[in-house]
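All chains, please: the whole structure from these sequences, using the hints.
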Amino acid sequence: MKKLTSWALIRQNLSRKPVRTGILAVIVFLFSFTLYCGTVIGQGLSQGTRTTAERLGADALFVPYGYDAKVQSSLLRGEPSSFYMDRRFSEEVRQEKGVEKVTAQLFIATLKASCCTLPVQLIGIDPETDFVVRPWMASAIDRPMRDDEVVVGSKIVGQVGDTLTLFGKELTIAARLEPTGMGFDTSVFLEIDRARRLLLASELGPRLNLPAGLDRNAFVSSTLIKAAPATDIKELVNRISQKYAAAYNLDFVVVAGMITDMAAKLSFFSRCIHVFSGVLWVLGALVMALVFSALIRERKKEFAVLRIIGASRSALGRIVMREALLVSLSGAFAGVAAAMLVTTLFNAYIGAVLDAPSLEPGPLYRLAAAAGALLLGLMTGPLACLPAMRKLGRIDAYIIMREEL
Amino acid sequence: MSLLEAVSASKVFQRRSAAGHASFAAVSDVDFSVSEGDFATIVGQSGSGKTTLLTMLAGLAAPTRGLVRFRGNDIYSLTDRELSALRNREISFIPQDMGLLGNLTVYDNIRAPQLFAGANAPESGRADFLLEAVGLSALAFEYPSALSGGEMRRVAIARALFNEPAVLVADEPTSALDPENSRMVMELLRAANRHGAAVIVVTHEAEAALCGSIRFSMKNGKLERLEA
Amino acid sequence: MKDFSWGGLIVAVLGLLIMASPAYFFPVCETMISTAAGGSAPMKCFWTGRAALGGGGMIAVSGFLLLLAKHPGVRLGLAFLPLCAGLLVILTSNLLIGVCPGAMMPCRMGTLPALSFFGFLAVLASGCIAVSAGRRMAALGGAIRRAGEKSGPYGEKGAENGERA
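Protein chains in written order, with the numbering used here: chain A, 5 to 409; chain B, 103 to 330; chain C, 2 to 166.
Check before you lean on any hint, since a few could be wrong.
[Stated by the list, open to error] Far from chain A, some chain C residues (derived; all Cβ distances over 12 Å):
| hint | residue |
| --- | --- |
| 1 | L17 |
| 2 | A21 |
| 3 | G40 |
| 4 | L66 |
| 5 | K71 |
| 6 | G78 |
| 7 | L82 |
| 8 | C85 |
| 9 | I98 |
| 10 | M138 |
| 11 | G142 |
[As the list claims (entries may be wrong)] Heads up, simulated BS3-like pairs for lysine-lysine below, C-alpha to C-alpha not over 30 Å straight-line:
| hint | chain 1 | residue 1 | chain 2 | residue 2 |
| --- | --- | --- | --- | --- |
| 12 | A | K74 | A | K238 |
| 13 | A | K305 | B | K321 |
| 14 | A | K7 | A | K304 |
| 15 | A | K21 | C | K71 |
| 16 | A | K304 | A | K21 |
| 17 | A | K305 | B | K324 |
| 18 | A | K230 | A | K269 |
| 19 | A | K238 | A | K101 |
| 20 | A | K247 | A | K230 |
| 21 | C | K45 | A | K173 |
| 22 | A | K21 | A | K395 |
[As the list claims (entries may be wrong)] The calculated label-pair distances, taken between Cβ atoms and stated as ranges, are:
| hint | chain 1 | residue 1 | chain 2 | residue 2 | range |
| --- | --- | --- | --- | --- | --- |
| 23 | A | L214 | C | G40 | 35 to 41 Å |
| 24 | C | G143 | B | A235 | 21 to 27 Å |
| 25 | C | G40 | A | E95 | 48 to 54 Å |
| 26 | C | G142 | A | R317 | 39 to 45 Å |
| 27 | A | G366 | C | R136 | 37 to 43 Å |
| 28 | C | G142 | B | N222 | 34 to 40 Å |
| 29 | A | A341 | C | G55 | 26 to 32 Å |
| 30 | A | E302 | B | S148 | 21 to 27 Å |
| 31 | B | G237 | C | G55 | 54 to 60 Å |
| 32 | C | G142 | A | R398 | 43 to 49 Å |
Don't read these hints as lab results, they were simulated from the structure.
For each residue, glycine too, the CB sits at the ideal point set by N, CA and C.
Structure follows, in structure tokens:
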């Protein structure tokens with residue numbers, strides 16, 4: 005039989021006291037779990053927002069008055085909405101100094117697409133001027149989009165060549181978009197005039213409540229603008245809205261500002277998570293320190309025996325330390341594993357619940373977060389048992405005193 | 103040359119009471135020595151300082167004054183690590199009431215000295231031999247909580263013998279045992295003595311004390327040698 | 002971790018969670034699809050939900066049985082029931098039946114990960130029970146063998162017990 009090692013002793017000590025070991029491990033588990041989940045979800049949200057900012061391509065959006073919030077939720081989360089303004093605005097604004105690109109989009113909220121139970125955002129785009137959607141196309145179409153063709157977001161079911169039924173019409177998928185982490189993922193894109201005709205011909209057509217004076221054949225939902233390089237976007241937007249607000253009843257969203265708002269909200273969220281895991285850690289470490297301290301008092305007989313059979317003080321300390329380390333290791337490992345499983349499986353659900361664009365961080369980031377949570381969790385036990393270590397020095401006194409005094 | 107000796111060793115404790123601190127000498131000015139092959143017994147009533155003397159001899163408590171020497175070297179001038187190694191290999195202490203590690207089986211308890219003996223610890227096979235010798239082979243894989251008092255005492259003796267120590271120091275090895283178990287325990291200690299270990303036994307039972315080749319009596323911290 | 006008896010409770014709770022997930026916590030899609038014949042039929046996820054109800058029920062019942070069972074042999078056998086049922090829950094929701102294809106549909110976002118997660122935990126927990134019961138079986142076998150080798154069916158332990166009494 006192999007020689008008895010201190011690891012075997014430690015394993016026995018832990019497994020023969022399952023409740024004690026379990027409670028200590030659960031404390032570390034909770035901490036590691038929260039830390040990993042918080043870090044990864046926070047990162048996913050801020051990454052989702054950042055891609056929106058970096059890759060939307062437009063600097064400002066103009067929408068009918070009062071719909072600035074609506075267009076944000078539509079862009080960020082793909083919440084279907086429909087609002088309308090005159091198309092001529094996009095022609096006129098093109099002439100303004102400092103405007104590089106202009107394109108119009110038409111939003112249609114469909115009630116139902118084939119199979120999908122959730123409403124889908126239908127977006128009419130102008131293939132000639134579009135600079136927003138095209139960069140996302142996974143497989144570019146190098147010809148004008150045909151009348152019966154659509155481009156779909158990454159979360160819409162169907163491959164290129166498949167058909168999709170919208171408003172009772174069969175449409176062919178011509179291209180798919182890369183995942184964007186924003187509303188585009190659940191949108192279907194088609195040619196803007198075609199979209200307008202589809203809308204008017206549908207059951208919604210007669211009930212369509214267009215603002216007075218709007219041409220039934222020339223309305224859009226929003227106008228997106230890209231400023232020329234080195235243009236003060238705020239100044240440009242102010243100038244445009246002052247000039248056209250009265251004529252077109254405009255409202256605007258500066259993309260950079262929208263993202264800043266979002267980012268502020270998110271950084272608050274991730275600060276909360278980190279404060280929470282910090283509090284959890286301190287509390288956990290405190291509880292563990294108390295438990296370890298009580299344990300050493302309770303186990304002094306056991307340590308006295310070890311001392312008698314030849315344990316030096318440092319060997320005794322090593323055993324206590326390793327026990328704490330092993331408990332932390334199992335708790336931290338289980339916590340990180342469970343957190344990884346939960347965040348991976350429930351990624352889409354978390355995004356939906358938090359109502360924010362969310363992209364799962366890349367494997368490297370997740371690995372780093374896992375390593376960090378594991379390491380911090382691992383440190384909890386040994387750190388918490390440091391204060392209790394001093395008590396080990398009193399074991400010798402215990403051996404002699406117990407009878408004489 | 104004496105193997106293990108105490109030279110005018112004293113141990114003074116500070117007692118805290120309502121009246122303030124008072125010092126109290128549990129052991130005062132004791133000279134004691136055993137040589138190889140000796141079987142020493144120390145009798146005395148409880149509170150006479152026997153256990154304190156034993157823990158000093160076993161390398162567990164430094165005397166307040168005086169020396170404890172093993173093979174001529176002052177053991178309390180050693181580092182904690184060296185002194186612990188000495189406890190592990192040369193001076194085995196059998197405590198009265200806190201014998202075994204509750205989380206280990208009987209078998210693992212007996213070979214527990216391996217934990218701190220490094221590379222030159224005896225092989226685990228010695229535990230089988232010792233189990234056989236103390237007649238507990240059938241209980242090898244039981245935990246201490248399933249053992250009777252006599253069985254626990256025998257396991258503690260087997261463990262003390264694991265690293266073949268030069269000195270065996272036993273504190274009241276027969277206390278709270280029935281006569282048959284007492285006889286068995288004393289026989290085990292005598293057998294260890296025959297195999298070369300010097301044995302020091304503290305007891306308050308006159309019968310057990312008669313086993314000794316050299317006998318001492320202790321009273322109020324003073325040790326007195328009794329004639330054979 | 003003597004015989005991991007509270008493990009049965011964990012398994013039972015997981016079984017109940019699996020049963021409740023498709024109905025309450027992470028509901029499947031409610032809409033019916035219209036068939037060519039003009040009728041309407043529930044979607045895939047509905048049937049996955051039904052399968053989870055059955056599988057979860059099996060896991061819950063075997064969890065309760067594990068709470069009652071004492072003998073390691075019985076526990077070992079019993080532990081395979083929730084183990085296989087857990088695998089079945091994972092397989093039906095991911096492969097054998099599956100859920101709706103849309104990435105943003107509630108069944109894919111909620112029900113599928115929930116069933117996979119709880120199913121995985123059920124497999125893990127019953128695996129632990131099986132392993133611990135298996136070890137107890139082996140230890141029991143060893144003890145019986147050792148006792149047989151020594152002195153009769155009770156070994157010396159019996160004699161010592163008598164002496165103590």
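A quick look at each hint next to the structure:
Distance to chain A confirms L17(C) as a non-interface residue, since its nearest Cβ pair spans about 19 Å, more than 12 Å. No Cβ of chain A comes within 12 Å of the Cβ of A21(C); the nearest lies about 16 Å off, and the non-interface call holds. Listed as a non-interface residue, G40(C) keeps its Cβ farther than 12 Å from every Cβ of chain A; the least gap is roughly 16 Å. For L66(C), the requirement that its beta carbon stay farther than 12 Å from each beta carbon of chain A is met, with the minimum near 22 Å.
The beta carbon of K71(C) sits about 17 Å from the closest Cβ of chain A, which is more than 12 Å, so the claim that it is off the interface holds. No Cβ of chain A comes within 12 Å of the Cβ of G78(C); the nearest lies about 23 Å off, and the non-interface call holds. The Cβ of L82(C) sits about 24 Å from the closest Cβ of chain A, beyond the 12 Å cut-off, so the non-interface label holds. No Cβ of chain A approaches the Cβ of C85(C) within 12 Å, the least distance being about 21 Å, so the stated non-interface status holds.
At roughly 16 Å from the closest C-beta of chain A, the C-beta of I98(C) stays outside 12 Å, upholding its exclusion from the interface. Distance check for M138(C) against chain A: the nearest CB is about 17 Å away, which clears 12 Å, and the non-interface claim stands. Non-interface status of G142(C) relative to chain A is upheld: no Cβ of that chain comes within 12 Å, the nearest being about 19 Å off. Proposed proximity of K74(A) and K238(A) is supported: the alpha carbons are some 21 Å apart, at most 30 Å.
For the hint pairing K305(A) with K321(B), the CA-to-CA distance comes to about 28 Å; that is within 30 Å, so the pair holds. For the proposed pair K7(A) and K304(A), the alpha carbon gap of about 25 Å is at most 30 Å, so the pair holds. Restraint check: the Cα-Cα separation between K21(A) and K71(C) comes to about 20 Å, which is no more than 30 Å; the hinted pair holds. For the hint linking K304(A) to K21(A), the alpha-carbon distance of about 16 Å falls within 30 Å, and the restraint holds.
In summary, the hint linking K305(A) to K324(B) is supported, as the alpha carbons are separated by about 29 Å, within the 30 Å threshold. This hinted pair checks out: K230(A) and K269(A) have alpha carbons roughly 26 Å apart, not beyond 30 Å. The hinted pair formed by K238(A) and K101(A) meets the criterion: a straight-line CA distance of about 14 Å does not exceed 30 Å. Restraint check for K247(A) and K230(A): satisfied, since their Cα atoms lie roughly 18 Å apart, inside the 30 Å limit.
Only pairs whose Cα atoms come within 30 Å are accepted, and K45(C) paired with K173(A) is accepted, the gap being roughly 24 Å. A hinted pair counts as satisfied when its Cα atoms are at most 30 Å apart, and K21(A) with K395(A) qualifies at roughly 21 Å. Look at L214(A) against G40(C): about 38 Å separates their beta carbons, and that is inside 35 to 41 Å. For the hinted restraint 21 to 27 Å between G143(C) and A235(B), the CB-CB distance of approximately 23 Å keeps it satisfied.
Checking the proposed 48 to 54 Å range against G40(C) and E95(A) shows it holds: the Cβ atoms sit about 50 Å from each other. Between G142(C) and R317(A), the C-beta spacing of about 42 Å keeps the proposed range 39 to 45 Å intact. For the pair G366(A) and R136(C), the beta carbons lie near 41 Å from each other, so the given range of 37 to 43 Å is met. With their beta carbons about 36 Å apart, G142(C) and N222(B) fall inside the hinted range of 34 to 40 Å.
For the hinted restraint 26 to 32 Å between A341(A) and G55(C), the CB-CB distance of approximately 28 Å keeps it satisfied. For the pair E302(A) and S148(B), the supplied restraint of 21 to 27 Å holds, since their beta-carbon distance comes to about 26 Å. The hinted window of 54 to 60 Å between G237(B) and G55(C) holds, with their beta carbons roughly 58 Å apart. Checked against the hint of 43 to 49 Å, the pair G142(C) and R398(A) passes, with Cβ atoms roughly 45 Å apart.
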